[in-house]
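Using the sequences provided together with the hints, build the complete structure.
When you line the sequence shown up against the numbering used here, it's residues 20 to 175, in that order.
If you are wondering where the hints come from, they were derived from the structure by calculation, not from laboratory data. The C-beta atom is built at its ideal place from N, Cα and C for all residues, glycine as well. This list has only true hints and no planted wrong ones.
FRET-style restraints, in silico, Cβ to Cβ:
hint, residue 1, residue 2, range
1, W165, R43, 19 to 27 Å
2, T21, R107, 20 to 28 Å
3, W77, M20, 35 to 43 Å
Listed next, the in silico SDA-like pairs over lysine to any residue satisfying Cα-Cα at most 20 Å (straight line):
hint, residue 1, residue 2
4, K97, V64
5, K97, I48
6, K26, E99
7, K81, G106
8, K97, L60
9, K26, D38
10, K26, R172
11, K26, L93
12, K81, L161
13, K26, S168
14, K97, A50
15, K26, D152
16, K97, R87
17, K97, G109
18, K26, A144
19, K26, G109
20, K26, R167
21, K26, G150
22, K97, L34
23, K26, D37
24, K26, R170
25, K26, D149
26, K81, R107
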Amino acid sequence: MTTLLLKLFGSPQILLGDDPLVVRPRNSIKARAILYYLAVLGEPVTRERLAGLFWSDWPEQKARAYLRGELHLLGDLKGEYLIDADGRVGLNLDRCRSDVQRLAAVAGAPAPTLEELHAADRAYAGPLLDGIDSMLEDSSPLFVEWLRSERDRFEG
Numbered sequence: 020m021t022t023l024l025l026k027l028f029g030s031p032q033i034l035l036g037d038d039p040l041v042v043r044p045r046n047s048i049k050a051r052a053i054l055y056y057l058a059v060l061g062e063p064v065t066r067e068r069l070a071g072l073f074w075s076d077w078p079e080q081k082a083r084a085y086l087r088g089e090l091h092l093l094g095d096l097k098g099e100y101l102i103d104a105d106g107r108v109g110l111n112l113d114r115c116r117s118d119v120q121r122l123a124a125v126a127g128a129p130a131p132t133l134e135e136l137h138a139a140d141r142a143y144a145g146p147l148l149d150g151i152d153s154m155l156e157d158s159s160p161l162f163v164e165w166l167r168s169e170r171d172r173f174e175g
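Set out below in C-alpha cells:
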C-alpha cells in the first residue's frame, strides 16, 4: 500500500509514494494547507474549526462552503488517506507519515538512540511550512497565527 508522505519542514512537499501529489487547480494553496494543518495536529478536527481557521473573515455558511470546495479538490485522497466523517476531518495516520511526526516522536522519547537523533536532524529541513505564511497572510490570518506559534514550538 502506498504511503502519503508530508514533508513539512522547509518548503513543504506532499508525496504519494515517490511521486509529488498534484492538487488541482495547482494554485489551491488552501487545500494543501488543510493537509499540512491536519498532519501537524495528528488528530481529526471539526469542519467548523477548519472553516474558521481558513475563512475567519467570512460568514460561517460561506466559510463552510469554501471548505467543502477545498475538500472536494482533495477527493482522490478521501477514504484511504483523508477521513471526512461525522463532521470531523483528519488524516488516516496508518497511511500517512510526516517529518513532524518523526521529530515529535524523537522529542517525546525518554532516551532516543543516536540513530533516532540523526534521523530527526535529517528531517528538519528549515522552518515549518516555509513560505506558506506569506501566501496565506491576507486570506487566512488565523492559520498564519497558528503556524507561527507552531514554528516557535518546534524551534524554541
